[in-house]
Amino acid sequence: MEPEDLPLVRRAQAGDRTAFEELIRAHARLVWASVYGWVRDPAWTEDLVQETFLRAWEAIRELQQPEAFRGWLLTIARRLAWRQAELAGRMDVMPSVPDRVEPVDAADPEEAREEVQKALARLPERYRVPVTLHFLNGLEYGAIGKLTGLANGSLRGLVARGVAKLRAELAPWWRSRHEHP
Amino acid sequence: MSIHERMESIADLYAAGGLGADERREADEHAAACASCAALLRDAKAFSAWARGAIASDAPPADLEDRLVTRFRAAGQSKKRRIPVGKRFLKVTGSIAAAVGLIILGNVFSTQYGSAILRTLSTAEADYRSDDRDWTTVNKYWSKMDAETTRAGEAGRPAKGDEFAFFFNHDLGREGQDKARWAAVPSTVTEALGDERGAGGGGGGGGRRSSTRDLQQQAPATPPPAKPAAPAPTGLALAATPEAKFKKVADGDDLRRTRTSESLDKARKLDEAEQPQETRKIIRSGDVSLEVESYEATYTKLSELVSAEKGQIAAASTQKMANGKIQATVTLRIPPERFDAVLAKLKEFGSIRNQRIGSEDVTKAYIDLETRLKGKEILAERLRKLLAEGKGTVKELMEVEVQLGATSEAIEQIKGEIKYYDNLVGLSTITLRISEKDLGQPFEYVQSLQSNIAVTAKDPDDAYGKAQKEITDAGGQVVDSRMTRQSDGSSIGTIRGRVDAERFPALRAVLKKLGSVTNDTVNQQKTARGGQEGTPKPDAPLRKEQAVVDFAVSSPPIFVTRRSQILVETDAVDSAYQNARRAIEGAGGQIVDGSLTGSVTGKSATLKAQIDADKFGALVESLKTAGKVKNENVSQSLPPVSPEGGPQLLRERAEIELALVSPPQLIGEEHGIVKVIRDTFVNSWAGFLWSMEKLFVGISLAGPWVVILLGAWLLWRRARKKKATQPAP
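Chains as they are written, first to last, in my numbering: chain S, 1 to 181; chain B, 1001 to 1729.
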């Protein structure tokens, strides 16, 4: 959590809506990246992000440690997302990596999207959030580091390992698509 | 780490744009020189670009933050913050509000105005439809008013017109919006509706009331009805015009609401004095069981009678029994006025065994139907008129048409029911069950014979063969036969044969001579066919079925006449035992039971054998030679006497029970140091085993708890560690 957030959190706790709006702007994409990994649907994700902030606003007075705002926010988001994913039966992506990847004959963008989504969803959260932020939000490392509160070195490690895992998982599928376009 | 390995590790980061400027330049330089690493980087880049492209459509909108903030503001305005007092406060206030609301509502309905609504709602339909007492009361009330011109309960009653409006308006509440709409149309229509309501719901009252009056004026007092709550008379003379009825409806409704117990009593008295019988609708029916000499003759007479009485034979079915007698069911339809006469005449046809005459009063149902019909017809007419005028919107007209269709359908249905009743009332039904005399007489008797004969013979096989031959010689046939041999040398043969009843006694005598008879029973049965036993027919023929003979022959039973128990002591029990077996078998005896056991104290054997009595003495003597005879016991018993008095045919046998034992061993007492040492070890070993047992029990009892507590402690420690290492943001 960036030091400049702390006074914002305190002001929000005192009922300052503009301060909370600042917090929304600062954390929107982080929450988005976290939720997206669970539900894999942009519209749905946005709704859940919205819901997350609304809940956070309603409960922010009860937050005991203002320094832990980011973790608290992500916890709210995760709970909402899990419940949603469970309700929709989309938790199936969670359990394990499939043994075999079915080769695909035709290049179907919809299918490719789904494959990447699933592979991304299977990544552990600490890899997934930075990779999502980088891939989908097009954020630079500095921005990601600021959002996640990670130092540059560890962030780079996480991104590199995350992408490597992603590639390892998707490689057979990707190749089958690339070599038989 | 070689440069290639390093390239491999940074390839993804390179592709993802995560390298610093220096690192990137370094990687590019190496790739320019190394083909494989260049391919590696290309691959990583291509993948990165592809993956990014694949899910690019999922990317959040660029103005994500703005949208979230906008919606946050909107939510804040519309939702506000939640009420600070909390949910419990809401629940409590909500409950109180609901309770207060219910009380107010209850108050509204408990006022006179409200109760009138309620009563109208709940009873109007039932009243009009079928509440006899109400009807009677209403009718009587009218009669009374005509007779005495007393206006009971008039005080406080609104003017007739108001009253109708009052009632009708409430009725609207029940009937729903259809009528509400109708209420808005011109007064003629309202009137029509009033009529319909009166006719379908309450019109019956109007019709009945007025007609009662008519009748009353015409007919003098008639006997009281059987039941006090009998349906009102009338209905047949629905003479009043709809307009007249319409007025009465209003009055009647009012009356029902305001009548007093006094008026009720008076009305009842009046009612009992005026029941015109001619108008009643009664279905008469009879059930008669008739016993006649001849059905044909009866039927001819019956058809003559029926045609003379202007009736008809509706149905007839006959059934011819095995003994030639006829049973029939005939249904007669007779004009009701001739019903009793016909019943009386039926007595002349034969003897009446059973008679049931019933009557069902359907007056009320009938009147109900007529009233409903009238109401529906009026409604249909008004609807047609409305339709013809064509006022109102298309939708309204459509609804009128739909309702007209439903009404016509109802009219047809009611007409059908009336027709059904008319038919039943118009002609009474007599169901005749005709049976010819002696219907239950049997036409023949059947005599069956079954006998069991059992004999014992010295040679069962011979007797078995002879018995079969005797049965065939007697002209019978062997149905089933079998011979079984037992392990003890005896055999049993059974034969089932059939033979003509006439030849059975001779056969039975012959079979009995084949051996010593142990069983001889004959079962004879006479059954009547085609009728009941209770009505015997002396001249019915007697038919004799073939006799069934169950013959059994068996070897004579074994009987032990002599028994010898010998105890022999020998050193060599084994060989003595084998010798004894051989001796018994050699002498032609049978070994029934034998055992050889060994134990610490020595060996022992027992043998049980049976042998023909004559060889018994010699065998016993030879067995005694096996060793030293310790004990000998001989017993004899006499064979039983046969049931017929003579000596019974038996196989006499002798039985030998031989016991072989080794002489007792004498073991001296042990003393000295060896015994002490041995005892000590034995005791110690026992103690060790005991303690091991306790140890295992203890472990198995305490073990699970140890595991559980250990697990709990580990979890607790882990939780504490986690808490301690959580990063402080």
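In short, the hints are calculated from the structure, not lab data.
Check before you lean on any hint, since a few could be wrong.
Claimed, not checked - Restricting the straight-line Cα-Cα distance to at most 30 Å, the calculated cross-link-like pairs of lysine-lysine (DSBU-like) are:
(1) B/K1603 x S/K165
(2) S/K146 x B/K1045
(3) S/K165 x B/K1281
(4) S/K146 x B/K1512
(5) B/K1045 x S/K118
(6) B/K1722 x S/K146
Said to hold, decoys possible - Here's a subset of chain B near chain S, in silico, CB distances under 10 Å, partners left out:
(7) I1010
(8) L1013
(9) G1018
(10) D1043
(11) A1054
(12) L1064
(13) R1073
(14) R1678
(15) F1681
Ideal Cβ positions, reconstructed from N, Cα and C, are used throughout, including at glycine.
Hint check results:
no.: 1; hint: B/K1603 x S/K165; in the structure: 84 Å, violated
no.: 2; hint: S/K146 x B/K1045; in the structure: 25 Å, holds
no.: 3; hint: S/K165 x B/K1281; in the structure: 96 Å, violated
no.: 4; hint: S/K146 x B/K1512; in the structure: 122 Å, violated
no.: 5; hint: B/K1045 x S/K118; in the structure: 20 Å, holds
no.: 6; hint: B/K1722 x S/K146; in the structure: 25 Å, holds
no.: 7; hint: I1010; in the structure: 7 Å, holds
no.: 8; hint: L1013; in the structure: 4 Å, holds
no.: 9; hint: G1018; in the structure: 5 Å, holds
no.: 10; hint: D1043; in the structure: 8 Å, holds
no.: 11; hint: A1054; in the structure: 4 Å, holds
no.: 12; hint: L1064; in the structure: 5 Å, holds
no.: 13; hint: R1073; in the structure: 8 Å, holds
no.: 14; hint: R1678; in the structure: 67 Å, violated
no.: 15; hint: F1681; in the structure: 62 Å, violated
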